[in-house]
Amino acid sequence: MNPDLETVNSLLLDLIRQALLDGAAMQKTPGADVSETMRDLNERRLTILQLIDADRAAG
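Numbering (our numbering), first residue to last: 6 to 64.
Just to be clear, a hint being listed does not mean it is correct.
Listed next, with one range per pair, are the computed distances between beta-carbon atoms [as the list claims (entries may be wrong)]: (1) D60 x A30: 30 to 36 Å; (2) E41 x S15: 36 to 42 Å; (3) N47 x L10: 28 to 34 Å; (4) N14 x A62: 15 to 21 Å.
None of these hints come from the bench; they were simulated from the model. Given the structure is predicted, the values throughout are model-derived calculations rather than measurements. Glycine included, C-beta positions come from ideal geometry on N, C-alpha and C.
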């Protein structure tokens, strides 16, 4: 497996795990401000997309 692909897979799993944890926490706190959580998840998503693009360009 390509090391960059391993990194992307790891980041995707971390992103999913964090989204699930954040979702569970938000259910326990109705009305919580989700904007910071959404920004964090979006930044992680963009990092993953950049890694994929870099891998394709190198490929």
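(message) Taking the earlier hints as the rules, which of them does this structure contradict?
(response) 2, 3
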